[in-house]
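Undergrad: Letter by letter, the chains look like this.
2 protein chains.
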Amino acid sequence: MAAQRRIDLVLGSVKRLLRIGATANLLNLLQKQYPADLAQIFGELSDRDREAAFSLLVERNGRLAMEAAAELGPEAGALLLASRPAEEIARLAPEIPSDDAAALIDHLPEELSEAVLQMMRPKESGVVENLLEYDEQTAGRIMNPNVFALSEDMTVGEAITELQSNRDVEMVFYLYVVDERRHLVGVVSLRRLLLVSPETPLKRIMTADLISVRVEMDQEEVARQVAAYNLLAIPVVDEENKLVGVITVDDVIDVIKDEATEDIYRLAGVASDEHAFTPARESFRKRLPWLGINLVTAFGAAAVIAIFEDTIEALPIVAVFMGVVASMGGNAGTQTLTVVVRGIALGELTWSNSRKALLKEVLVGIGNGVVLGALGAAVVWALPWGSPMLGLVLGLAMVINLFVAAATGTLIPLGLRAANIDPALASSVFITTMTDVFGFLSFLGLVALFAEYLVLA
Amino acid sequence: MAAQRRIDLVLGSVKRLLRIGATANLLNLLQKQYPADLAQIFGELSDRDREAAFSLLVERNGRLAMEAAAELGPEAGALLLASRPAEEIARLAPEIPSDDAAALIDHLPEELSEAVLQMMRPKESGVVENLLEYDEQTAGRIMNPNVFALSEDMTVGEAITELQSNRDVEMVFYLYVVDERRHLVGVVSLRRLLLVSPETPLKRIMTADLISVRVEMDQEEVARQVAAYNLLAIPVVDEENKLVGVITVDDVIDVIKDEATEDIYRLAGVASDEHAFTPARESFRKRLPWLGINLVTAFGAAAVIAIFEDTIEALPIVAVFMGVVASMGGNAGTQTLTVVVRGIALGELTWSNSRKALLKEVLVGIGNGVVLGALGAAVVWALPWGSPMLGLVLGLAMVINLFVAAATGTLIPLGLRAANIDPALASSVFITTMTDVFGFLSFLGLVALFAEYLVLA
Numbered sequence: 001m002a003a004q005r006r007i008d009l010v011l012g013s014v015k016r017l018l019r020i021g022a023t024a025n026l027l028n029l030l031q032k033q034y035p036a037d038l039a040q041i042f043g044e045l046s047d048r049d050r051e052a053a054f055s056l057l058v059e060r061n062g063r064l065a066m067e068a069a070a071e072l073g074p075e076a077g078a079l080l081l082a083s084r085p086a087e088e089i090a091r092l093a094p095e096i097p098s099d100d101a102a103a104l105i106d107h108l109p110e111e112l113s114e115a116v117l118q119m120m121r122p123k124e125s126g127v128v129e130n131l132l133e134y135d136e137q138t139a140g141r142i143m144n145p146n147v148f149a150l151s152e153d154m155t156v157g158e159a160i161t162e163l164q165s166n167r168d169v170e171m172v173f174y175l176y177v178v179d180e181r182r183h184l185v186g187v188v189s190l191r192r193l194l195l196v197s198p199e200t201p202l203k204r205i206m207t208a209d210l211i212s213v214r215v216e217m218d219q220e221e222v223a224r225q226v227a228a229y230n231l232l233a234i235p236v237v238d239e240e241n242k243l244v245g246v247i248t249v250d251d252v253i254d255v256i257k258d259e260a261t262e263d264i265y266r267l268a269g270v271a272s273d274e275h276a277f278t279p280a281r282e283s284f285r286k287r288l289p290w291l292g293i294n295l296v297t298a299f300g301a302a303a304v305i306a307i308f309e310d311t312i313e314a315l316p317i318v319a320v321f322m323g324v325v326a327s328m329g330g331n332a333g334t335q336t337l338t339v340v341v342r343g344i345a346l347g348e349l350t351w352s353n354s355r356k357a358l359l360k361e362v363l364v365g366i367g368n369g370v371v372l373g374a375l376g377a378a379v380v381w382a383l384p385w386g387s388p389m390l391g392l393v394l395g396l397a398m399v400i401n402l403f404v405a406a407a408t409g410t411l412i413p414l415g416l417r418a419a420n421i422d423p424a425l426a427s428s429v430f431i432t433t434m435t436d437v438f439g440f441l442s443f444l445g446l447v448a449l450f451a452e453y454l455v456l457a
Numbered sequence: 001m002a003a004q005r006r007i008d009l010v011l012g013s014v015k016r017l018l019r020i021g022a023t024a025n026l027l028n029l030l031q032k033q034y035p036a037d038l039a040q041i042f043g044e045l046s047d048r049d050r051e052a053a054f055s056l057l058v059e060r061n062g063r064l065a066m067e068a069a070a071e072l073g074p075e076a077g078a079l080l081l082a083s084r085p086a087e088e089i090a091r092l093a094p095e096i097p098s099d100d101a102a103a104l105i106d107h108l109p110e111e112l113s114e115a116v117l118q119m120m121r122p123k124e125s126g127v128v129e130n131l132l133e134y135d136e137q138t139a140g141r142i143m144n145p146n147v148f149a150l151s152e153d154m155t156v157g158e159a160i161t162e163l164q165s166n167r168d169v170e171m172v173f174y175l176y177v178v179d180e181r182r183h184l185v186g187v188v189s190l191r192r193l194l195l196v197s198p199e200t201p202l203k204r205i206m207t208a209d210l211i212s213v214r215v216e217m218d219q220e221e222v223a224r225q226v227a228a229y230n231l232l233a234i235p236v237v238d239e240e241n242k243l244v245g246v247i248t249v250d251d252v253i254d255v256i257k258d259e260a261t262e263d264i265y266r267l268a269g270v271a272s273d274e275h276a277f278t279p280a281r282e283s284f285r286k287r288l289p290w291l292g293i294n295l296v297t298a299f300g301a302a303a304v305i306a307i308f309e310d311t312i313e314a315l316p317i318v319a320v321f322m323g324v325v326a327s328m329g330g331n332a333g334t335q336t337l338t339v340v341v342r343g344i345a346l347g348e349l350t351w352s353n354s355r356k357a358l359l360k361e362v363l364v365g366i367g368n369g370v371v372l373g374a375l376g377a378a379v380v381w382a383l384p385w386g387s388p389m390l391g392l393v394l395g396l397a398m399v400i401n402l403f404v405a406a407a408t409g410t411l412i413p414l415g416l417r418a419a420n421i422d423p424a425l426a427s428s429v430f431i432t433t434m435t436d437v438f439g440f441l442s443f444l445g446l447v448a449l450f451a452e453y454l455v456l457a
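Protein chains in written order, with my numbering: chain C, 1 to 457; chain B, 1 to 457.
Treat the hints with care, since some could be wrong.
Note: identical chains are not told apart, hence a pair may lie in one copy or across any two.
Stated by the list, open to error - Think about it this way: if two alpha-carbon atoms lie no more than 27 Å apart in a straight line, the pair counts; the simulated DSSO-like pairs of lysine-lysine are:
1. Lys356 / Lys15
2. Lys15 / Lys32
3. Lys203 / Lys32
Hints listed in this document are in silico derivations from the structure and should not be mistaken for laboratory results.
Produce the entire structure from the sequences given, and follow the hints as far as they go.
TA: In structure tokens, the structure reads:
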């Protein structure tokens, strides 16, 4: 049975059991689910049902409830926790990996979050507080500080004994080896331990040439390395190369998804922390500035048209077609922008090969301009209220505007990247402003230039 | 040293060594790199340098060369291999995992790919050909068929011996357990083997309740499951629940990236297999149809304006402002569309909670419409060639158009999803067509309706 259908069935039962108040059955059902499935189910319940189901679960199986909250993501998860008493959160937080706990606590209302940290046992709250000291979106923030490490003086047999006595460490597959001052010196895979005799010294079988990241590294770069080298986990070290944590591939997958969402959102002028069910008031507030910028640029484009008001008065038909030139430029520019921004994000496009990309985009832009300009010209020619000369002007303007679209769509994100600004911020709004302005300028400018032939035609 | 800087340094040396023809030094340097780094370096070399460096490497260290080609991705990797003789490719292909080999061979020119398959040893080409029989983008296509499985009758000690004699299986961390007819019956983690005595039967320590996927499942759904359940690998079974392969998390990361790229591209009307350095001719051909659709819709919007040609003739100033209403609608619609499409892709938004999403988006749209409409109205009122009545009309049209933007931006992707079509195909082109048409209709319609007050004003 497909996972989605199973979840839909469970969701239906949860709703029904909540309605008839069959608490024991409901708890039974909830406890059989994976945390990720619970998160999805919670996500689809009404606010009231979600709170009721979560309350029940948190009292019976606190760990599973916390895991589900963590799977919901820090914002939505913290929203669920916010109605619970501080001491309960403080008691349950250590049940999940500290990076997840830190992210949840960080998103609680400030007073509650402070109360929780105060009530946690010093050792545990210390770990969470340490994590919260790293900047958001860095390796330090997403790492798990409870990293299992072996001493370089151990034998394979001692390492296995050590491993057997630490049963609750999160996902162990690489075993990191440290010296007496906890400097990272090597790595051994779990599998390798099985293949050699117990008295072999770890030093002899470990790989000393290993990939690690610094605590302050941007999470996007961490994700890129884990993905590029096909790693399951990457060790995190401080500035002295001391082992301070580990980032596992499941956290990296979350980062890759978040960064992709961020890119998609930025291109469209949406705040990166919005999602489908952000409350309307908050979405309204977050989208308004972006639309405000667009209002300004739209009036800017209108000002360009206003320059040619006399032309329009003399030849109102041009008002009908000027939008076609602008719209074609906007779409072609968005295509170029998207390919360039994604190319930068995936690391294919760098400053050193940018000239090649620009050349390509300009060629594509002019090619599309010529073909579509000719088509557009033919349509305008053929229309009862069109004319061959007006068609020619429209076609020419389209070639110019598609060239502008290609050039700005490539250069603006590359320039932002060179200035260390996220190229995705060169969102469609800027590109479409350029193509609106140049679309109106080229078309209306050409019309004004050839006005005598056009009015006569 | 940051990875990027290290790669840039190596890239510089590679270029220099190629120029002076220092083959031995160059090979030395290349052989020290990780496959992923080589792929990036190859990506940034000129076509001629890339071919030269690859030729050298393939003769000295065929396996590393193949790994680098695989890391480049099937299209670019196959392009590099295309100039090599078929027997060389046939000899080297078995050096990399069969799913990677299959993807590369599949992208070779048809004649070469057939020659390669014919020259491979029957067993090996059989594996590759079997993979190629599964549809693209399914679990079968990305799985590794060389999956290591243990018999359910084994003891832990026998399992470890078995593992020790199979040293070259790709990344083992979960050990799948099968019955005598190779039905998947359970899973044991490598770590668990270390924690129990050798005579324990596997049956006793294995987990029978495990997550698997069917060969024909869409790769996006596979990725979603691996990500949701934080798995390192997922077993693939056929319709009889027989174990036929395994998909590891590194392949899943590639799928997640590809699917994100596909979403970003589709929203912008770009073919999902385009990338920054797709040859200009091919990009031109791929983008043309999309821009062609836009040409048709742009003329459609122009036709709406043409209905109101008399109005524009009587009051040319409206031609200046009509684009503002359309542009605001286009941008607001793109915001809504992006949040909705991403929400569907991430599984947050489903049919059952879509009413809530629609309500939210409509509220946000009307809210933004009222605020920005009022602002726009004020600007038009204040302008020397504006008027309060024209401002009012503009503001009203903006509210109407932002409502249309919110409604279509939500309903079109949800409707496509319900019809089992990728919602990202509801790209900006369709939304901006709607907002252009309704922008012009509402603004020019209101102008025509209140014409007598406007001309007098």
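Undergrad: Give me the numbers of the hints this structure contradicts, sorted from smallest to largest.
TA: none
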